[in-house]
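Peer 1: Going down the list, the protein sequences come from chains A and B.
FYI, the numbering used here numbers position 50 of the first sequence as 50, with every residue one higher than the one before it.
FYI, the numbering used here numbers position 29 of the second sequence as 29, with every residue one higher than the one before it.
Hints in this document: simulated from the structure, not taken from any laboratory.
In this text, all values refer to a predicted model and were calculated from it rather than measured experimentally.
A couple of the hints might just be wrong.
[What the hints assert, rightly or not] Think about it this way: if two alpha-carbon atoms lie no more than 20 Å apart in a straight line, the pair counts; the simulated SDA-like pairs of lysine to any residue are:
1. A:K271 x A:R282
2. B:K223 x A:F170
3. B:K51 x B:S63
4. A:K271 x B:N188
5. B:K51 x B:P19
6. A:K140 x A:R162
7. A:K271 x B:A257
8. B:K223 x A:E169
9. B:K223 x A:G172
10. A:K271 x B:V258
11. B:K223 x A:Q207
12. A:K271 x B:A176
13. A:K271 x A:Y284
14. B:K223 x A:G173
15. A:K271 x B:A177
16. A:K271 x B:Q191
17. B:K223 x B:D6
18. B:K51 x B:Q61
19. B:K223 x A:S171
[What the hints assert, rightly or not] Sample of chain B residues with no beta-carbon within 12 Å of chain A, all distances over it, derived:
20. M1
21. C9
22. D139
23. Q196
Glycine included, every Cβ here is placed at the ideal spot set by N, Cα and C.
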Amino acid sequence: MHMDRTFQGSPTPGPNATTLARAVGLTVDMPVQLGASSVRIVDGVDFAIGVGERVALVGESGSGKSVTARALMRLDRAARVSGRVEFAGRDLLALSEREMTQVRGGDIAMVFQDPMSFLDPLMTIGDQVAETLRIRGVGKADARRRALAVLDELRVDRAAERLDAYPHEFSGGMRQRVVLAMALVGEPRLLIADEPTTALDVRVQDQVLDLLDDVSARRGLAVLFITHDLGVVAGFAERVMVMYSGRIVEDGSVDSVFARPRHPYTRGLIKAVPRIDQDLDRLYAIPGAPPPPFARPTGCAFHPRCDAAFAPCLRDVPAVLPVEGGRAACHLHASQGA
Amino acid sequence: MLLSVDGLCKTYASFPNPPVQVLHDVSFGLDAGQALGLVGESGSGKSTIAKCLMALTRPEQGSITYDGTDVVRARGADLLRFRRDVQMVFQDPYGSLNPRMTVEELVGEGLLVHRLEPTPAARRDRVAEILRTVGLNPDDRGRYPRSFSGGQRQRIAIARALAVQPRILVCDEPVAALDVSVQAQVINLLQDMQRQFGLAILFIAHDLAVVRHLCERIVVLHKGRVVEQGTRAEIFGSPREAYTRALLDAVPVPDPAVGRARRRQLQHQS
Ligand SMILES: Nc1ncnc2c1ncn2[C@@H]1O[C@H](COP(=O)(O)OP(=O)(O)OP(=O)(O)O)[C@@H](O)[C@H]1O
Ligand SMILES: Nc1ncnc2c1ncn2[C@@H]1O[C@H](COP(=O)(O)OP(=O)(O)OP(=O)(O)O)[C@@H](O)[C@H]1O
Ligand SMILES: [Mg+2]
Ligand SMILES: [Mg+2]
Numbered sequence: 001m002h003m004d005r006t007f008q009g010s011p012t013p014g015p016n017a018t019t020l021a022r023a024v025g026l027t028v029d030m031p032v033q034l035g036a037s038s039v040r041i042v043d044g045v046d047f048a049i050g051v052g053e054r055v056a057l058v059g060e061s062g063s064g065k066s067v068t069a070r071a072l073m074r075l076d077r078a079a080r081v082s083g084r085v086e087f088a089g090r091d092l093l094a095l096s097e098r099e100m101t102q103v104r105g106g107d108i109a110m111v112f113q114d115p116m117s118f119l120d121p122l123m124t125i126g127d128q129v130a131e132t133l134r135i136r137g138v139g140k141a142d143a144r145r146r147a148l149a150v151l152d153e154l155r156v157d158r159a160a161e162r163l164d165a166y167p168h169e170f171s172g173g174m175r176q177r178v179v180l181a182m183a184l185v186g187e188p189r190l191l192i193a194d195e196p197t198t199a200l201d202v203r204v205q206d207q208v209l210d211l212l213d214d215v216s217a218r219r220g221l222a223v224l225f226i227t228h229d230l231g232v233v234a235g236f237a238e239r240v241m242v243m244y245s246g247r248i249v250e251d252g253s254v255d256s257v258f259a260r261p262r263h264p265y266t267r268g269l270i271k272a273v274p275r276i277d278q279d280l281d282r283l284y285a286i287p288g289a290p291p292p293p294f295a296r297p298t299g300c301a302f303h304p305r306c307d308a309a310f311a312p313c314l315r316d317v318p319a320v321l322p323v324e325g326g327r328a329a330c331h332l333h334a335s336q337g338a
Numbered sequence: 001m002l003l004s005v006d007g008l009c010k011t012y013a014s015f016p017n018p019p020v021q022v023l024h025d026v027s028f029g030l031d032a033g034q035a036l037g038l039v040g041e042s043g044s045g046k047s048t049i050a051k052c053l054m055a056l057t058r059p060e061q062g063s064i065t066y067d068g069t070d071v072v073r074a075r076g077a078d079l080l081r082f083r084r085d086v087q088m089v090f091q092d093p094y095g096s097l098n099p100r101m102t103v104e105e106l107v108g109e110g111l112l113v114h115r116l117e118p119t120p121a122a123r124r125d126r127v128a129e130i131l132r133t134v135g136l137n138p139d140d141r142g143r144y145p146r147s148f149s150g151g152q153r154q155r156i157a158i159a160r161a162l163a164v165q166p167r168i169l170v171c172d173e174p175v176a177a178l179d180v181s182v183q184a185q186v187i188n189l190l191q192d193m194q195r196q197f198g199l200a201i202l203f204i205a206h207d208l209a210v211v212r213h214l215c216e217r218i219v220v221l222h223k224g225r226v227v228e229q230g231t232r233a234e235i236f237g238s239p240r241e242a243y244t245r246a247l248l249d250a251v252p253v254p255d256p257a258v259g260r261a262r263r264r265q266l267q268h269q270s
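Using the sequences and the hints, build the whole thing.
Peer 2: Spelled out as C-alpha cells, the structure:
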C-alpha cells in the first residue's frame, strides 16, 4: 500500500557540479514528550549538494527544514536519524561522536535561526570568532589573526578595534556578520544557513545576502540556505528544494522552478510573495495552514490545501519523479508522464 | 483629518549614556478610512510613534490630535473614547495574547471594559460574529491561543481589536513574524476590514512590498525624521529621496533574472 517513493537513481546535485554532500532516504523521528512513541518529522528525503553549489531549502514553518539541517550535522541527540548522509564520500551517520565534532565547524558549519541567542554576551567578539579554531587546536595568536581576517572579509568596519567589543555593542546586522564569521573562520566547504536573514529588516537582509553571495563565490563554498520566503532566494540560489510536511516535493534550478513550478505548493509559495514591482488588487494567500507532523494527511500531505487535488492525491504519497530541470512529487505530473 | 500628529519629539534616557532623541519633529495625518503606511528600517522610530499614539509613552514635544481632542493631554471621558476608538495589533502573535485566556475571553475583553454588550449572551453573539468576520470558526472560542497557528493568532489579535468597533487600527509589523504564505491572509483581512467598516489603518512595516498593496499613502521615516511622504503612486512611481529608493531596492523580487542582475550591480558598486 505504501508506494515506493525512493528517488529514481541516486540524488544528484545541479548540472556541472561534483557531489559534495548527499542525503539518501534521510528520515528523522523525534520522541514525543511523554511515552515511548515518536513522530516522523522528516520522511525519507533525498538530495545532493554540489561543490560550491548554492541550494535553497524552502518551506513553511514546521515543514522540517531545521530538523533536516540539524540531522545532517547530527545535532539533535534525541532524534533518531536513519538513511544515509554522505559528505565528501564519507558516511556521517557512521562516524563516532568525536569524528563528528571535527566535521562540525570544520567541513560543515551552520548559522542558526536565532543568532542573538547564539552569541555569548560575556565574551568578546574576537574570542567568540576565534573559539571555533581554538577548539580545533589552533594557537591563540593565529586564531585571533584569522578571526580578524574573516571579519574583514565580511566587511565589518574597523574590525581590529571591534575584536574586543561585546555583542550588545553591535546592531542586529553586525551581530549576524559575527555569527557568520564564527561559521566561516574554520573554512568549511558547506555552510548551512538556517533563516539567517529572517529576523533582519529588508536592507540588512539584502546586505547579508550580498555578503554570502560574495564569500561563496570567492571561496567556492557550498551553501544550503534555509528560508520560508522564495523571494529571498531568487537572486541568490542556483537550485531550490521545496519541503512540505517533512518531504521534498520539488527540486530544480531556480530558473526552471520560478518559470515553471511543477508542484501546486511551489506555485503557491511563489505567488504569495508580495511584489514591489507590480500592482495587484489582492494578494495571493495559500489557503489553510500546514499540518503538524503528527497529523500529516494521507497521500500527498498538501492535498487539503491544493485546488488541483484529485483522487490519487488523497490515497498515495506521490513518487519523486524527474521533470525537465529537476524533479517533483505530484500526481498531476505522474499521470501526465511529464 | 481623523488623526493628526504634529511636531512629535521623543527622547529616551539611556543612563549612563547621554539621552537619545529618537523622534525629531515628526508630523503626518491620517484620514478616516485611509490606510497609511509608516516605513523605515529597524530603529528608525516606527514603534515609538505607535507607542506615543497609544499613549503608552509621552512625547516631550508635539501634539496628537484625534477628532478634535489633544490625546497627549486628554483625561477622563475623552481619553476613554480615544482608547476605544484607536486599537492596536502587535508584531508578535505569540507574545501579545495572554496564553491563559480563551479566544472568547480575549476577543470579548474590550466589550466588557467599554461596557458595550451588557449581557453575557449578547457578548457571546458579538464575539461569534467577529470571529466569523476575521475568518475564524466561532466553535473555536473555547480554545487557547497556543493551539492556533501564527496566522490564526494574528486573526485573533485583529478580532480582539475590532470587537470594540474602533475607527483606527494601529498595526505594528503585524505580519513580520508570519510565513509569506500566510501573511497575505492577514493583509487581505485588513484590507477587507478597511473597505467594509471604513476603518483607518496605520500600518507599520519595513517591507515596502506589503505596504504597496495595502496603503494609499506612505510616510518614510529615517533616523526619527520623516524624509518623504506621498501617495502610493508617488512613493513607488517616483520616489524623491535616495533613502526611499534604497528601501525600495532592498525588497527581494521573486524573479531569478531580476535578482541576479541586482546582485551583479551591487558587486559592481562595492
Ligand atoms: N526536538 C524536537 N522534538 C519534537 N518535535 C520537534 C523537535 N524539533 C522540531 N520538532 C517538530 O518538527 C517539526 C519541524 O520543525 P522544524 O523546526 O524543522 O521546522 P522548520 O521548517 O524549520 O520551521 P520554521 O520555519 O518555523 O523554522 C515541527 O512540527 C516541530 O514542532
Ligand atoms: N524604552 C527605550 N529606551 C531607550 N531606547 C529605546 C527604547 N525604545 C526604543 N529605543 C530606541 O529608540 C530607537 C527607535 O526604536 P523603535 O523601536 O521605535 O524603532 P523601530 O523603527 O520600531 O524599529 P524596528 O523595525 O526594529 O521595530 C532605537 O534606537 C531604539 O533602540
Ligand atoms: Mg526552522
Ligand atoms: Mg518596531
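Peer 1: If a hint holds in the structure, say so; if it does not, say that too.
Peer 2: Now for the hints, and whether the structure bears them out:
{"no.": "1", "hint": "A:K271 x A:R282", "in the structure": "holds (11 Å)"}
{"no.": "2", "hint": "B:K223 x A:F170", "in the structure": "holds (17 Å)"}
{"no.": "3", "hint": "B:K51 x B:S63", "in the structure": "holds (14 Å)"}
{"no.": "4", "hint": "A:K271 x B:N188", "in the structure": "holds (14 Å)"}
{"no.": "5", "hint": "B:K51 x B:P19", "in the structure": "holds (18 Å)"}
{"no.": "6", "hint": "A:K140 x A:R162", "in the structure": "holds (17 Å)"}
{"no.": "7", "hint": "A:K271 x B:A257", "in the structure": "holds (17 Å)"}
{"no.": "8", "hint": "B:K223 x A:E169", "in the structure": "holds (18 Å)"}
{"no.": "9", "hint": "B:K223 x A:G172", "in the structure": "holds (16 Å)"}
{"no.": "10", "hint": "A:K271 x B:V258", "in the structure": "holds (16 Å)"}
{"no.": "11", "hint": "B:K223 x A:Q207", "in the structure": "holds (19 Å)"}
{"no.": "12", "hint": "A:K271 x B:A176", "in the structure": "holds (18 Å)"}
{"no.": "13", "hint": "A:K271 x A:Y284", "in the structure": "holds (6 Å)"}
{"no.": "14", "hint": "B:K223 x A:G173", "in the structure": "holds (16 Å)"}
{"no.": "15", "hint": "A:K271 x B:A177", "in the structure": "holds (19 Å)"}
{"no.": "16", "hint": "A:K271 x B:Q191", "in the structure": "holds (18 Å)"}
{"no.": "17", "hint": "B:K223 x B:D6", "in the structure": "holds (17 Å)"}
{"no.": "18", "hint": "B:K51 x B:Q61", "in the structure": "holds (14 Å)"}
{"no.": "19", "hint": "B:K223 x A:S171", "in the structure": "holds (14 Å)"}
{"no.": "20", "hint": "M1", "in the structure": "holds (26 Å)"}
{"no.": "21", "hint": "C9", "in the structure": "holds (23 Å)"}
{"no.": "22", "hint": "D139", "in the structure": "holds (17 Å)"}
{"no.": "23", "hint": "Q196", "in the structure": "holds (14 Å)"}
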